[in-house]
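Based on these hints, arrange chain D on the given structure of chain L.
Each chain, letter by letter, is given below.
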Amino acid sequence: MVEMGAEEAILTPGKTYPHGARRSLENWSRVALNVLLPLVGVLFALLVGAVLLLILRANPLAAYAALLRGAAGTRFGITQTLVKATPLLLVGLGICIAFRANVINIGGEGQIIAGALMATWWPLTFHAWPGWLLIPATLIVGFLAGAAWGFIPGILKARLNVNEILSTIMLNAIALQLMNLLLQGPLMDPAGVAARTFLAQSAQLPPAVWLPRLVPRTLLHAGAILALVLAVAVYIFLWRTTIGYDIRAVGLNPDAARYAGIAVPTFQALSLTLAGGFAGLAGVVEVIGVQHRLLEGLTSGYGFTGIVAALLGSLHPIGLIPASILFGGLLVGADTMQRAVQVPSALIDAILGLVVLFVSGSALWSRRWAARRSVRSQKSGEAEA
Amino acid sequence: MKGVFSLSVISGILNTMIGLATPFLYAALGEVFAQTSGVVNLGVDGIMLLGAFAAFYAALTTGSLWLGLLAAALVGLVLGLLMSVVSVTLKAEQGVSGIGLYMFGLGMSSLLFKVLVGTVKTVQGFRPLPVPLLADIPVVGPILFRNNVLVYGAFLLVPAVWWVLQKTTLGLKIKAVGQNPAAADSVGISVNGIRYLSVCIGATLAGIAGASLSISLLNLFQDNLTAGQGFIAVALVYFGAWSPVGVLGGALLFSVVNSIQLWMQVLGVRIHSSVAVMLPYVLTIAALTVTINRMRQPAALNKPFERGES
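Residue numbers (our numbering), protein chains in the order written: chain L, 767 to 1151; chain D, 123 to 432.
Bound-form chain L, shown alone (with noise of 0.2 Å):
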């Protein structure tokens, strides 16, 4: 397990547990660590897209201004951030669930695209329904959807230990093949078939379901606030409700959990299952929030990105906000950049890339610094007693 959370909180019989100053002081020097250790990786990718961009002869620092102007230098723009964030912030939840369960899910691309497809046929079948009840049956349906897009690949873990990293990478495949089919046959615009375009994309969406804009003239949507609520909520489930302790201690200490009476398979089969359901939330956001309809690359690699926000929050859904934010600026950014220095975005994609090797790559520090530190403490326990 990536060992970066607030998490040695278990008690380990047989150790000491220093209480009073230094053990705040302790805390808050971890949790120093756990920010500043990605932030060191974030820094070191963007210096290897540095050395990139001087390679490709453009210059860095224009580059990165033109970057940071993208996501925050206009009304616009930080707007725009907060837009993107939304989706990365709704996945990287589902992400931390699972990986506190120990599981991995590469599985977001698939999980929105389930979300998307329910919540563009739902809304499209129910177009009679007020908004009222439109909106939140349409987030629950598209929750449920992604939900059972997880539940595939948990239960083939739990049931047949089959390996869910590739589970879910081919269940990736397999739904994009699957809105491909449908987004070409019975979702197709009707319009686009009169019109003879063929676009590959949905009818609009009744506007009872599209959901308010927070500010005007932008496409910044109420969906980001929900978004802040849920991950209040799932800071609230990991660590102040039991199926939370669960999962939680299912990915600190397999063993230990299955020894304690723990159905180990079974958490890890509800984490991805909920991972699944965050990121079919994404999906749906994306849909009644931004488009108002389904369309080809709907999911623009929020299921991957959404895996470098959650590792970079430390897999706490607090933690999580702020870094959802900056990635979501890197990508309004990457636009600007392109345009600016003349660089593809692609090149986001590698630092994006980067920023998980060096991330996963420091986790050994912390876990060191970790160790050391219990060393101590236990030391001067000693002495104390």
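Worth flagging that the hints you see were computed from the coordinates, not collected in a lab. Heads up, some of the hints might be wrong.
[What the hints assert, rightly or not] Derived list of chain L stretches under chain D, where covered just means 3 residues or more per stretch with a C-beta under 8 Å from a C-beta of chain D:
no.: 1; region: 927-937
no.: 2; region: 942-949
no.: 3; region: 1070-1083
no.: 4; region: 1108-1117
For clarity, every value in this text was computed on a predicted model and none was experimentally measured. The C-beta atom is built at its ideal place from N, Cα and C for all residues, glycine as well.
Chain D only, in chain L's frame:
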């Protein structure tokens, strides 16, 4: 449907199968090395993408296919070193670091393609090289012995990998490090050294797997050329229970399904292309559920080695 399964179609399907199996074989046999030593390299797809681009670009600019192959192998080697540093020395969670490597390869190959090439171009890939005498055997000859050098190489790699792993000291060390790193360490084997070597051999082969797509099978490059074939290759290692022969069986099974799918579309069998494209992925999941020989999984798979930990 009449005549669809005539002899010529069947031999066509089998011939396509041999070609399609080539990238799977290179990538999956390479992954056998890495996993036998205890490291899961999930970044195979990213390495394949960058390898495919390197081979394509070198062939396009120099006109030499062999330089292309060399470029792909070198790119694979460098990425293998990167993966080793992160996963072996820094002991990262291998599932995560592999995904990072994949994302890097995907983004980087797309970036380089857009900057250096820009539009879809094709290269003249390796030409078929009929094996004297054998190529003239009816039916079997055209299927097996009229392929190009990369295809022969992939199939010869199967016994070669088997031999290295089963019959050499190096193979013994790789297996020891994957089964019981602490014991291997205690008899003086450098656990991390062997893992570096295994991951790098695997990554080099993954680079060549990419080349087998871009300068042998498809003879072009485009964004996300592999479409997840590297991940299927990793799945094949589980399916083949970490044995080169098992991997060969899996690669052939996959390729024959893919080949039938392609031929159905060529022959105009009424099947939606999305459904057809979906088939290999569904098959992969099915194959993962029936992996029987799980007992053969290297005991230290996915576990970084730390001296003093049991």
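Status of the hints after comparison with the structure:
Three residues within the 8 Å Cβ limit are the bar, and the region 927-937 of chain L against chain D gives 9, so the coverage statement holds. Residues of the region 942-949 of chain L lying with their CB closer than 8 Å to a CB of chain D number 4, which satisfies the three-residue condition for coverage. A stretch counts as covered by a chain when three or more of its residues have a beta carbon under 8 Å from one of that chain; for the region 1070-1083 of chain L and chain D the count is 4, and the coverage holds. Residues of the region 1108-1117 of chain L with a Cβ under 8 Å from some Cβ of chain D number 8, which satisfies the need for three, so the listed coverage holds.
Of the numbered hints listed earlier, not one is contradicted by the structure.
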